[in-house]
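**Q** Sequence:
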Amino acid sequence: MEYKLPPKFERDTRWLYVRAGVEYGPFGASDMLKAMDEHTIDGQTVICELMTGRRCSLAEVKPFAEYIPVVAKRDEYQAAEREFEESTKRMASHNRPLIVGLALGVPLVVGGLLAFILWPKPVEDEGPDPAAAAPAVVVTDPALVKASAPVEKEVTEEEPEVITLSGDGEQDDAAASVAGLVGKNGLVAAQQIDVNVSPEMAARIAAEAELRKQRKAREQGAGGAQAGAEGDESSVIDFGGEEYSAKDESRSLARQHLKDTVRACARSAMKATGTQETISVSASIRAEPDGRMRGLQLSVEPQGPVSQIKVCVLGELPAIRLPAYSGEAQSVSVTLSVAPN
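Residues in the sequence shown are numbered from 1 upward in steps of one, following my numbering.
I should point out that these hints are in silico values taken from the structure, not numbers from a laboratory.
Just to be clear, a hint being listed does not mean it is correct.
Pairs of lysine-lysine residues, derived as DSBU-like cross-links and limited to a Cα-Cα distance of at most 30 Å, are as follows [unchecked claim]:
| # | residue 1 | residue 2 |
| --- | --- | --- |
| 1 | K89 | K62 |
| 2 | K8 | K89 |
| 3 | K271 | K247 |
| 4 | K271 | K213 |
| 5 | K4 | K34 |
| 6 | K89 | K73 |
| 7 | K8 | K73 |
| 8 | K89 | K4 |
| 9 | K213 | K259 |
| 10 | K259 | K216 |
| 11 | K259 | K271 |
| 12 | K73 | K62 |
| 13 | K247 | K259 |
| 14 | K8 | K34 |
| 15 | K62 | K4 |
| 16 | K271 | K216 |
| 17 | K213 | K247 |
| 18 | K34 | K62 |
Work out the full structure: start from the sequences and follow the hints.
**A** In structure tokens form, the structure reads like this:
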């Protein structure tokens, strides 16, 4: 509430005040209040009224004495306000790092969560389906068949329509080891072997049994063929008589044997795989001067059981001995049209 001086007192009085022995004035009553607000004078200051010449302390004049509490209360309020402002400033200064951290950290955390939620997830390449892989052809090593421990060899067909596979024809070839199952009187039946025999192996055994019968018939008809040694050598037929010593005779025998072998193996493989259409089989071989047959190349059109035929033919090659001769190797090739049985 604003303090007001009595109108007559404000209008009719003029005042001096003494400070450090020096008189200042004259001032009106309202000017004296301003001096009190500015703390230039207080209740103990000596003042003098010009009209009457009266000297006394400021607290002895009632209008001025009543204003002294007003000034004191206003001073207290201003002091309290300054204290509040200073404490607020101190608190803000003390907590500024925390406020700045919160102001920066909250947007970063929210932005990170949004990026994690909205960022597209990479699609992992699961790779080819193992079930779609090409079927494997299993060849069992007969040397381990006797020990009831089958060995598998995978043959992959790389060309779907016409596939040409080559073989060495040596006795130590993995497929040729099947010849160890052959005895003097023919092959052991697949049902008599105490292991699980694959369809390809059964076709191979049946084909070699038929080929051995044909060789025995040819041997008896020629009268010059000689059976190999018994035991481990019983599967080797020697055509090395005098009548087979010529180079052209070696080539002729190689062609005949290749033709018979390919036909028998193709029929057995077609039966084992359920092939119901006629296939064309092309095969070539080298008749070496040492009497062996090497370098098998074989293709089937249209797509057929080429792997099974190849395994069967390669297993038969080491069992053949052609007449030895001097000179270079001779290339022998045949092309057969084989219909299903």
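**Q** Against this structure, judge whether each hint is valid.
**A** Now for the hints, and whether the structure bears them out:
1. K89 <-> K62: violated, 41 Å
2. K8 <-> K89: Distance of about 47 Å is beyond 30 Å: violated.
3. K271 <-> K247: Judged against 30 Å, a Cα distance of about 36 Å means the pair is violated.
4. K271 <-> K213: holds, 19 Å
5. K4 <-> K34: holds, 12 Å
6. K89 <-> K73: Given pair K89, K73 holds - Cα atoms ~24 Å apart, limit 30 Å.
7. K8 <-> K73: Satisfied, since the Cα-Cα distance of roughly 26 Å is no more than 30 Å.
8. K89 <-> K4: Distance ~36 Å between K89 and K4 Cα, so the pair is violated.
9. K213 <-> K259: Holds: K213 and K259 sit about 15 Å apart, inside 30 Å.
10. K259 <-> K216: Holds, at about 16 Å.
11. K259 <-> K271: holds, 18 Å
12. K73 <-> K62: holds, 18 Å
13. K247 <-> K259: holds, 19 Å
14. K8 <-> K34: holds, 18 Å
15. K62 <-> K4: holds, 13 Å
16. K271 <-> K216: Holds, because 24 Å separates the two Cα atoms, which is no more than 30 Å.
17. K213 <-> K247: holds, 26 Å
18. K34 <-> K62: Status holds; Cα separation ~16 Å.
Comparing the model with each numbered hint stated earlier shows that hints 1, 2, 3, 8 do not hold.
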